[in-house]
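Number of protein chains: 2
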Amino acid sequence: MREVFHQSLEEVQSRLVEISELVTVAIDKATKAFGTSDVALAEEVIAGDSVIDEKSVELDELAIEILAMQQPVARDLRIVVAALRTSASLERMGDLAEHIAQLARMRYPERAIPKGFKSTFEQMGKQDVEIARQLTELLRTQDVAIADAIRNADDEVDELHASVFEKVLGAQTAADAAAVVDATLASRYHERFADHAVGVAKKMVYLATGDWIGPGESEH
Amino acid sequence: MREVFHQSLEEVQSRLVEISELVTVAIDKATKAFGTSDVALAEEVIAGDSVIDEKSVELDELAIEILAMQQPVARDLRIVVAALRTSASLERMGDLAEHIAQLARMRYPERAIPKGFKSTFEQMGKQDVEIARQLTELLRTQDVAIADAIRNADDEVDELHASVFEKVLGAQTAADAAAVVDATLASRYHERFADHAVGVAKKMVYLATGDWIGPGESEH
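Protein sequence lines, in the order shown, are assigned to chains Y and U. Residues in the first sequence are numbered from 1 upward in steps of one, following my numbering. Residues in the second sequence are numbered from 1001 upward in steps of one, following my numbering.
One thing to keep in mind: the hints can contain errors.
As the list claims (entries may be wrong) - Pair by pair, the computed Cβ-Cβ distance ranges are:
#: 1; chain 1: U; residue 1: Val1051; chain 2: Y; residue 2: Val57; range: 28 to 34 Å
#: 2; chain 1: Y; residue 1: Glu159; chain 2: U; residue 2: Glu1137; range: 40 to 46 Å
#: 3; chain 1: Y; residue 1: Ser50; chain 2: U; residue 2: Arg1111; range: 37 to 43 Å
#: 4; chain 1: Y; residue 1: Thr209; chain 2: U; residue 2: Leu1169; range: 46 to 52 Å
#: 5; chain 1: Y; residue 1: Asp148; chain 2: U; residue 2: Gly1170; range: 45 to 51 Å
#: 6; chain 1: Y; residue 1: Glu110; chain 2: U; residue 2: Val1057; range: 41 to 47 Å
#: 7; chain 1: U; residue 1: Val1051; chain 2: Y; residue 2: Ala145; range: 32 to 38 Å
For the record, the hints were derived by calculation from the structure and aren't laboratory data. Computed from a predicted structure; not experimentally measured. Don't be surprised by glycine CBs; every beta carbon is placed ideally from N, CA and C.
I would like the entire structure built from these sequences, with the hints used as guidance.
As structure tokens, this is what we get:
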């Protein structure tokens, strides 16, 4: 029974890694689509999100099957519950990448990226891609030291998010409303993306050490 | 054992109802705080969110305990897993009410509600409060007919959300950047709030009928 459970967990883990890899590709492409107004690339992200959704539902079904058939308790049970939550977070991160791609598509053929914000969104996207890569690595290796790197990168995303609003509100010239809407939403999506990754990382640390950093979100 | 499980489920249900009631109060107060720039009311919502967070964590612990001690299978297992997810959605709805309150506090003593958007946000808030009330009722009665009412109200919120952007982008006068940011974020928070309620309602219908409306989100 113990051996069966161990194999099941390995299956869960490899599927989480797979979904996290798809999410990494999605946020990478979405950032590029948004930065370069590449509508074909945006379409790829949008079409690809249904694959992430399906794989997430399949993983949930597997986790529920494991609960039913193997009835884990104590730490084993918490690992399976954490997998359910991680699946939900990854699914949501995929949605957020899709939303960024939708912004790029919506404004096409105009540029989605508002004037003066190019480098900020490039940095934000770069951090989110790095966070997604690190999250994949954390899920693969269970090396909780990676959680710190994710939190640090999230702090940078939060700073960039705050800087977007400072820039929008401090602009000398009258703002183009569409640009302000796009900057606000894109920045929010990037910030939420990073926040979900931190949430998953916290759960991994909790499972590994029993040290719960705390409920709720780190968002400001 | 069956009787014990039944009692446990009643406890889970009554706690979900309690959290949903707190979320209803939160979105009601947040809407009023945002509409009238009532910073004291905003502070109440912000302080109250930690209670929602705590109760949500406690409910999760109870659900995990039920899984460990009573090892439910089949539909019983799915009910407990659905409770875990509902708890996460309610916690998030509380966060969104808090974010709306934070917008009111951030702009104080100026008005948070952008000029020309008063009635739109009043309607949006009213719909969200109604949705939260209906969700509480759905959790209390398990009457799946209420799920339709929630979906209809969510459609209205989506329309109001779209109208905010139309109004912002179609404005004749140069937009005040702060007003555009606030309108964008507040509208997004209201829309997400309703969306989470629809997600919970879908799970309830699924549990009651086995008829899964589909994964992912209804958001556009």
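Taking the numbered hints from earlier one at a time, note which ones the structure violates and give those numbers from smallest to largest.
As far as the earlier hints go, not one is violated by this structure.
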